[in-house]
Amino acid sequence: MRGVFSLYVPGDSVFHRLGSGWKYLIMFGATFTGLFAQNVWVSAGLLAAMLVLLACCRVSLGYAWHLPWGVWLTAALLVGYQILMGKPLTGVIIASNLVMAIYAARLLTMTTPGPALIDALTAALGWTRLIGLNPQRIGLAIALMVRSLPALLDSYGQVRDAARARGRERNYFAAVTPVVVRAVGYAQATGQALAARGLGEDRVEG
Amino acid sequence: MKNSPAVDLALVAVFAALLAVFAVVPGIPMPGSTVPITLQTLGVLLAGLVLGPWRGFLAVVLYLIVGFAGVPVFASGTGGLAVFTSMSIGYLVAFPVAALVAGWLAAFFVRRGFKGRYVWLTVAAAVGSFLIIDPAGIAGMMFVGQTDFLTAFAWNLPFVLGDAVKCFAAAAIAVAVNKAFPVLLAARRAAAI
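Protein sequences, first through last, are from chains A and B.
What the first sequence shows, in this note's numbering, is residues 1 to 206, in sequence order.
What the second sequence shows, in this note's numbering, is residues 207 to 399, in sequence order.
Okay, chain B solo, but in the shape it has when bound (with noise of 0.2 Å):
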């Protein structure tokens, strides 16, 4: 099936909806880690591996200006500009990029035909969550908590461990989705909102 503009615009806006649905969920709790994991970021990086590129980096955005303009979209029902008082400002910003740099590497996997695509799915988001987001997260928290980088850098290691498990998942569930949805990962043509 070819994707139409208005299958596009549908998926950016469902999937926008779906990461408020887990921003707003109760957490996972985690064995061994008092900070439990939300999906939040788990759904930023399925909007990349899900959607592709273009499509999932719209997605987010949609979200951000969706909460930012006062939707209580975020997490712990929040919405508005008071997160860019809140400590998570940085990780917010970063999401697009993440679902974008995600997205982009799992399309690329997947149209080369690599094998084992659980793997590459996995890099492609622990890319986005670790070399994207965590830097992000750390450098916002530097700005909003007026602190150095390496306690900021330690604020952000309670984290660690949830998003490796979370890349792991977010392949996984793509994966799955993919084989549902063969043709939304790999198609080229970009949504243009």
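So here's chain A without its partners, still in its complex pose (with noise of 0.2 Å):
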């Protein structure tokens, strides 16, 4: 169901229906609002809505209300922490925003397959016309990057396999060398072949 870069659970619930426009605003909306607000009632209120909205979306709940231990640690220290600083309403505060916002934040990416989320992405990145900036570059450059992630990931586990099987695990650093340069190959021939069909090859107009 997870794939190392999707959180996307397919499903019909109203928010896997909603536009992700709403979705992203949602989650601007709610992290921000946690994160300058400064309440123990808005970060707390914004946490419930959040555990509220994602059991609407028809995942099961012990997928849509996980958290890594890394965040439970972390939210526990910074309590933690607070509560020896004298400030315990602080501590609620942060670790209540840390879990809203990633809650906030897989409302959208557990709900909005990869594809539209790349899609609104560059919508969304139109108005750098403005500021000079060419958006289907934009566009392109994402699409590749999107794109390119498996192949890196594979060379990766390559590189890695190829130094255990000689023995050289231990010598992280030394395996991370080859795939540099095969990202840097990978890069040079595909950009070679997008100038080949005349993409990307314009500055200023797409």
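If a hint is listed, it holds; no wrong ones were tucked in.
Computed list of chain B residues with no C-beta within reach of chain A, every gap over 10 Å:
1) Trp310
2) Asn362
3) Leu363
Per the computed footprint, the stretches of chain A lying under chain B, defined by three or more beta-carbons under 8 Å from a beta-carbon of chain B, are:
4) 26-37
5) 95-108
Think of the hints as simulated: they come from the structure by calculation, not from any bench.
Beta carbons: idealized from backbone N, C-alpha and C, even for Gly.
Taking the hints as your guide, dock the two standalone chains into a single complex.
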């Protein structure tokens, strides 16, 4: 259900059908409201709201509400530290903001397929034309980045396996060099292929 | 070989993807420290040292934009704006600047033909890591964790040893990659996206 670079869970809940723009709005609104309000009731209310919204996604709650142990650890350390400082309420605000923002982001990523995220992002970058950038080039770069992820993950795995086969798996950094060299070679080949097709060569107009 | 705009664009995009891979693969255990070191800052420094300042900067910016938009490319498999409430936000926003500064210094040293390229690239990486990323990371922890400078400074300390190792590693890897692709770092033209 869950890949390395995807948290999407298919479904037909109201949030699966909602336009991604609205879900971005929820994520932005909730995260920055919690961050700048610095009020325990605001943060706790937003956290409760996110729990309810996630429960409306018709995904198993064990998945929708799941938090990695690192988040629990960070939250516990932050609360513990602020209690020691005599400001337990601040600790509660920070920890609930942390968890709330993760849930707000998850509401988006769990109910929106990766390509839809990328499309929404590319569409949202149209304003960059006003500051002299080329939105089509940015869109091409984003598409190329996402497309390169599996190849690079695979390359990293291959190089690690090769190092392990030679009993050199403890030399971590040596294993990184071939990954980077391959990535640069892959990029140059891709760039030349794009140029040969007349893509991405223009700096000003798309 | 002269770099075309399409090749510049592909380098930026592929390096952004490389940053995502480095962020999600398991960290390297450090002897004598409980904090494993991730390859992420290594990737940021490499973006500058390998691609040069502007392409390196743009690669890191692209990575951050895609991450903020919700693709789970940040460490621990998160994406979206949740990082703004996590302790790592200061580090993340400093990454593009660090790639820019480290890349600018590296290109400067290489173009001037300084002897001992490995040493100078290590210096460039260290400036990016300790003068850009660490102060911003500490400021981020002061803001998100609502704490004072000394506490945030102490929270950053466990990472310093690993960061130093990463600076040497970034320089060594960059020397190897620059040998394979000599024009990349010294090329004067900036990528225009």
